[in-house]
Structures are given as C-alpha cells and as structure tokens.
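Engineer: These protein sequences, in sequence, are chains S, F and C. All residue numbers for the first sequence refer to our numbering, where the first residue is 6 and numbers rise by one. All residue numbers for the second sequence refer to our numbering, where the first residue is 6 and numbers rise by one. All residue numbers for the third sequence refer to our numbering, where the first residue is 6 and numbers rise by one.
Keep in mind that the hints are not guaranteed to be accurate.
Note that identical chains are pooled: a pair holds if it fits in a single copy or bridges any two copies.
As the list claims (entries may be wrong) - Straight-line C-alpha distance at most 16 Å; calculated EDC-like pairs for lysine to aspartate or glutamate:
#1 K93 - D104
#2 K207 - D90
#3 K215 - D87
Everything labelled a hint here was simulated from the structure, so no lab data went into it. In this text the structure is predicted, and so the values were computed from the model without any measurement.
Okay, here's what each chain looks like letter by letter:
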Amino acid sequence: MTVAVTVDPETLADALAPVSTLVDECKIHAEADGLEIAAVDPANVAMVDMTLDASACAHYDADGTTLGVNLDRLEDVLGMADSGDMVKIELNEETRKLDIRIGGLAYTLALIDPDSIRQEPDIPDLDLPATLVCEGSEISRALTAADLVSDHVQMAASPNGELVIGADGDTDDVEVTLDDDDLLSATVSDNVESLFSLDYLKSIEKPIDKDADVSLLVGQEMPVKLRYSIADGDCSVVHMVAPRIQSEG
Amino acid sequence: MTVAVTVDPETLADALAPVSTLVDECKIHAEADGLEIAAVDPANVAMVDMTLDASACAHYDADGTTLGVNLDRLEDVLGMADSGDMVKIELNEETRKLDIRIGGLAYTLALIDPDSIRQEPDIPDLDLPATLVCEGSEISRALTAADLVSDHVQMAASPNGELVIGADGDTDDVEVTLDDDDLLSATVSDNVESLFSLDYLKSIEKPIDKDADVSLLVGQEMPVKLRYSIADGDCSVVHMVAPRIQSEG
Amino acid sequence: MTVAVTVDPETLADALAPVSTLVDECKIHAEADGLEIAAVDPANVAMVDMTLDASACAHYDADGTTLGVNLDRLEDVLGMADSGDMVKIELNEETRKLDIRIGGLAYTLALIDPDSIRQEPDIPDLDLPATLVCEGSEISRALTAADLVSDHVQMAASPNGELVIGADGDTDDVEVTLDDDDLLSATVSDNVESLFSLDYLKSIEKPIDKDADVSLLVGQEMPVKLRYSIADGDCSVVHMVAPRIQSEG
Numbered sequence: 006m007t008v009a010v011t012v013d014p015e016t017l018a019d020a021l022a023p024v025s026t027l028v029d030e031c032k033i034h035a036e037a038d039g040l041e042i043a044a045v046d047p048a049n050v051a052m053v054d055m056t057l058d059a060s061a062c063a064h065y066d067a068d069g070t071t072l073g074v075n076l077d078r079l080e081d082v083l084g085m086a087d088s089g090d091m092v093k094i095e096l097n098e099e100t101r102k103l104d105i106r107i108g109g110l111a112y113t114l115a116l117i118d119p120d121s122i123r124q125e126p127d128i129p130d131l132d133l134p135a136t137l138v139c140e141g142s143e144i145s146r147a148l149t150a151a152d153l154v155s156d157h158v159q160m161a162a163s164p165n166g167e168l169v170i171g172a173d174g175d176t177d178d179v180e181v182t183l184d185d186d187d188l189l190s191a192t193v194s195d196n197v198e199s200l201f202s203l204d205y206l207k208s209i210e211k212p213i214d215k216d217a218d219v220s221l222l223v224g225q226e227m228p229v230k231l232r233y234s235i236a237d238g239d240c241s242v243v244h245m246v247a248p249r250i251q252s253e254g
Numbered sequence: 006m007t008v009a010v011t012v013d014p015e016t017l018a019d020a021l022a023p024v025s026t027l028v029d030e031c032k033i034h035a036e037a038d039g040l041e042i043a044a045v046d047p048a049n050v051a052m053v054d055m056t057l058d059a060s061a062c063a064h065y066d067a068d069g070t071t072l073g074v075n076l077d078r079l080e081d082v083l084g085m086a087d088s089g090d091m092v093k094i095e096l097n098e099e100t101r102k103l104d105i106r107i108g109g110l111a112y113t114l115a116l117i118d119p120d121s122i123r124q125e126p127d128i129p130d131l132d133l134p135a136t137l138v139c140e141g142s143e144i145s146r147a148l149t150a151a152d153l154v155s156d157h158v159q160m161a162a163s164p165n166g167e168l169v170i171g172a173d174g175d176t177d178d179v180e181v182t183l184d185d186d187d188l189l190s191a192t193v194s195d196n197v198e199s200l201f202s203l204d205y206l207k208s209i210e211k212p213i214d215k216d217a218d219v220s221l222l223v224g225q226e227m228p229v230k231l232r233y234s235i236a237d238g239d240c241s242v243v244h245m246v247a248p249r250i251q252s253e254g
Numbered sequence: 006m007t008v009a010v011t012v013d014p015e016t017l018a019d020a021l022a023p024v025s026t027l028v029d030e031c032k033i034h035a036e037a038d039g040l041e042i043a044a045v046d047p048a049n050v051a052m053v054d055m056t057l058d059a060s061a062c063a064h065y066d067a068d069g070t071t072l073g074v075n076l077d078r079l080e081d082v083l084g085m086a087d088s089g090d091m092v093k094i095e096l097n098e099e100t101r102k103l104d105i106r107i108g109g110l111a112y113t114l115a116l117i118d119p120d121s122i123r124q125e126p127d128i129p130d131l132d133l134p135a136t137l138v139c140e141g142s143e144i145s146r147a148l149t150a151a152d153l154v155s156d157h158v159q160m161a162a163s164p165n166g167e168l169v170i171g172a173d174g175d176t177d178d179v180e181v182t183l184d185d186d187d188l189l190s191a192t193v194s195d196n197v198e199s200l201f202s203l204d205y206l207k208s209i210e211k212p213i214d215k216d217a218d219v220s221l222l223v224g225q226e227m228p229v230k231l232r233y234s235i236a237d238g239d240c241s242v243v244h245m246v247a248p249r250i251q252s253e254g
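This is chain S alone, in the form it adopts within the complex (with noise of 0.2 Å):
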C-alpha cells in the first residue's frame, strides 16, 4: 500500500492527457515498475492504455497499488506548477487521500472507490497489415481536412506505401494523401480500408505533439491503432478506436 512518487508535473500531465481526453475518471494501477492506466470511453468505441516508468521519476516507491482518481482534479492540481516545480505524491494509507505537494502547495486529493470506476478494456492484439509512422501534425492536418465535410473518417493504405484519410461529406469531398514524402515508415501487405467515428479520433489526437512519431495499424474494417510515446521514451501510450461499419458511413 506505498505510493510515493516524485516526478515533473508536465510530464505526469502529459501522461494523463491521452487518458482523460476519453474519461473524467480512471483506475491508476501503481506498480512496482511504473504507473499503468487502461481506459475505454464511454460509448466502448476507444480505448487508452498508457504506461509511465518509474525510470521517468525523480522518485519512485510503490508496490502495486490500484487508486480511483478524478482526472480533472489531478490535472488541476498539477496545474497549479510553476515551471521548474517537483510534484510530490503520496497515498496517506489512513485517509486513503492522496498528498500531492507542489512547493508550498499541500493538495488533498480524495481518492474513488476503484470498484466505481468503469471496467477496463482488454486491447486486443490484432494483426493489422498495414503500419504507418508520421508526424503527429498529418495526423492533425488529415482530421481537420476530414471535419470540414463529415462525421466520419477513412483510412486507406495500400502496399505503395501510400496513406489516404478521406471523407466524404453531402456535397464536398476531401482527401489527404501521405505518401513517401510524409511517412516516416510504411509497411502495408494489402489494401485495406476502414471507416471511424470523426470526434473519437479528433479526441485521441489532441493531446499529441506535433512533432510526435505516431504509427497508425489499420486493417480491413478492423479497429485502428496508434502508437506513441512521451517523456524521452519513458511513457508509452496506446490508443485503438472501433471501426464504423462503411454503409453506415
């Protein structure tokens, strides 16, 4: 029942970010080797699993530990940093609170009766054909494109290395098409097309860096999968969102 952990509030924020796009509360298991979240929104339609090394600590003690957290609150808390400020978070084994000092700032976070909190999902391991890597501002630039016309998205991969994420609105129509100039890798065996949901990959996005490396598995009318990672390595962050059936689309 020991959780102490001292680390860069921005790099435990930015840590978070993936998960509380999709959910206001979660389950933060303290491991002995790092913190681990797993969270499915709502609706079932994305899921996050994100993992941050004790490696990333200025300080890391715990022992398996699972805490209900509100993730607005935390964020918050964290929040209140000056830059250069030392988080400090402790689970006070009495009140079952946790402590989080930030300078002169003493927060105490109630914690949520992790039996509450929604179950999490089990990412399945899927054998996607196609794995692409860009930038996560084609990424960017692709949804925006895409919301311009539609609710919905698709992503097309075929094996000349070529990405298209597309949509087609009422009237207008609007591709984007990252080929060898945009991709960083691409190794696609089939062609292969699926459709999703516009908001839940907007959401997925928006807390990734510009700058990022992020490899997309597509499949046919499969999920999608991105992959990336934050704080020099150190936090590993996967997201997959279901695939819209196309007639729906």
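Position chains F and C relative to chain S; hints supplied.
Structural biologist: Just chains F and C now, kept in the frame of chain S:
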C-alpha cells in the same frame, strides 16, 4: 468552360475576405484576365466589387465561366494550407465541381447554381465631392470609438481637408478628427456629411489591413465608397454603403 | 468647479481598475491634491479606497469637485489610447459633462448625479494583529488553488511568520503556505484565522500586478485588508473584505 488557377492561398483568402464579410455565397466570374466578384448584403445596404488580376496567380487560365461558390467552405479549405503551399483550383467539367489541391490535400467543392444566388449589384458611378485617403488603422479606430456610444456613425468632410468621424449616443458623444497629420491626402470641394449604420462599416473594415491605404469618398447624405488594393495592387476592392437618413440618427 | 487633468491613460486605467472590479458607478472626488474614490460592492462585502496623487499627472487642476462616473464607459474611452497618447479630461461647467481628449479623439462623457450613487463606505481603522507582505503573484496562486475546491478561503497567520491560505472542499482540501522564502515581511503578534468568500478576493486580486508588493492585514474572524500602490507610488489602493463566519464555511 476552363478554370485552372494556381495561386498563393493567402492571396486568394485576402481577396475573398471583403466579399465573405458581407455574403455567404457569391458568383465568381473567372474571366480571361482575372477573377471578379460583385455582391450585396441581404439588406441591400453594403456592396462590394472585387477583382483579382490573373497576374497575381502563378498560373491562370479561364475563359469567362461563372462559378456559384459557398465562401465559407472555400475559405475553410484555403485555411488548410501550410505556409509556402500553393493552391491549385480546377473546374471539373464533368462533375461541375471544383477540384482544389493543396499539397497532398484534395478537396472537391460542390458548386451552387449561380441562378440561385442573389443578383449582383451594379455599384453606381457617383460623383462624390470628398475624397480622403488614410491608413486602415485610422478608420478602425474611429469606428471603434463610434461603437462606444451608438449604432450609427457620421462622416463629415470639409474643404479645409478634415475628416470627422463621430457618433451621438443617448448620453455620450464621440468624434475622431483626422487632419493633415492623419490623412495621406484630402480633396474636398464642399462641406458634406452623411450618416451610416455602424455594423456595415465595421464588417467592411474588419478585413482591411491596418496599414493599407484606404480611399474614402464621401458626399452629402450620399453613399460612402471605400477603395483599397491588396496583393501588391493585383487585387482591387471597392465597397459602397448606403446612407441612413439623418433624422433617423 | 474646476477639473482639468492630463495624465497617461494607462496610469488612470490602472487606478480605476481596483474600483471597477467592485462597482459599475462611483463618485470621483477631484480634490486639490489628487483624485479619491471610495466604494463598496452592492452586497457590502468588499470595499476599496483609492487615491491618485496630482503628482502622477502631467497637468492637474481641481478644487474639490465630486463627479458621478460610469466606470465602464470611462475605461472604454481610456482603452482607445494608442501607446504614448496622453488623455486630457476637463469638466465642462455648462454641460456638466466631461470632455475627454486623446489625440484626435474627443469624447463627451455624461456624468451621473452623485446622489444616485451608492453611499461611500468608511473603511474602519481596525487593529489587525498580522501584517504580511508578498508579491501579487503569490496571492493570485493561492486563490487559484483555493478555487479548485471551494467558494471560500481561509487566511491564517502565526507568530512564526507563516501565512497559510487554504480551502476545505467537499472531498479535497488545499493549503498554500507562504513562509520566509515567499514573504517579503511578516509581523504577526498572535495566531489568527479568518474565512472569506473567494469571489470577492478574486475580484480584488485580478487587477493587481503580479510583481506588486501587497500587504495583507489579517485578524481573528476579522475583515482582511489589502494594501498596495501603483504608478510608482503615486496611487495607493486599500481594500477591505468582510469575513464569513467560520461555521458557515
């Protein structure tokens, strides 16, 4: 029926802004020597006449085609350009849609039946006795001042070369006097004064560059004309705003 | 009945901001040695007493006239100044209006009957046992922290020279401790603690410069006073906020 234009998206956006501030849809005449738009707001108070010379474009090929365009959508697409991108616009004669390309982005813009768009105004060739030239920032400031007290604004010019822009509120009044020091030139043959709805002048002023040279042509209870050019003179804009009767002021 | 003042509009705006954050209208006393305003918010919770010395003005001539002023309007007019402009304010004895000139802008501000304005408060001369001085940024940060969990904020000072600003929420608590390192000075004769509505303190704090030296005078279930000066000391501001009874907290 050819329209094929390659142009800096910022230049095109700047040329459309004086139109889109008044109307959502317009007819773009793609003439052999450039693009022309004339439009009047739904209340028939404020008009615009804009021409963008072919010479402002990297490539220009047109033979007198009229395109019915939703300006919001076109501006949204232009907004997708990164700095340095060129936009390539082509009329697809089969689909009767505009194919717009910016880097790897391909947007298909459905056109509107030109007959369904409000008839274009004919900006009359008025003989206005006062012509005053100042920077856009001076007009902006005077309209902001007038807006503090009223929905209407007077413009008065006198042969001594002064332009007074002012407003009478219920309790407070305000006057901004532009003289020799503020005006770049003044040619006034008579004392004249006209009253205008502030909203229309504010809409027209909004897209004007603060350091653009703007000509104001004022008469006695007559419409006001504003003239300025953008894109190094390759784009000229003329606005006309109908006066309010003074007794309504 | 003379009021003729020429002053940097930013100085005057800074001097009015601590008043306009509490009330929309006030009486400005144009005394021989400067401008004085006292005001209390409509709920009688927060007061302000502001004096702007004649020496802060490029020109100052007044003989004890009371002006009823709509602060929003006066601040809007001051906001029209470009950097470097001076504002010239003169009472027109005939019209009983203020003639305000900023460059080529002439604004006529109607005055309000002073008798129609809420009576001025008399800020009591309390003997408060704790006086603590810190930068505005420290108060801002502490109030922001308190705002995360509650509508109320405690201020507690102890003879060891610490000031603790904190709040108890329904589930979470927060405390910001300012000690030697954070306080510019501390004179505390007794342990004292008082509770305040956060909204009033936030309103008062908003116009304070982040690097202003602010004196906080705290007592035991007593009002709090805040004192600071602006305009290189030519303008002094005193605020007082009534306490909440602790049991209501």
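Engineer: Hints broken by the structure, by number, lowest first?
Structural biologist: Of the numbered hints, just 2 does not hold.
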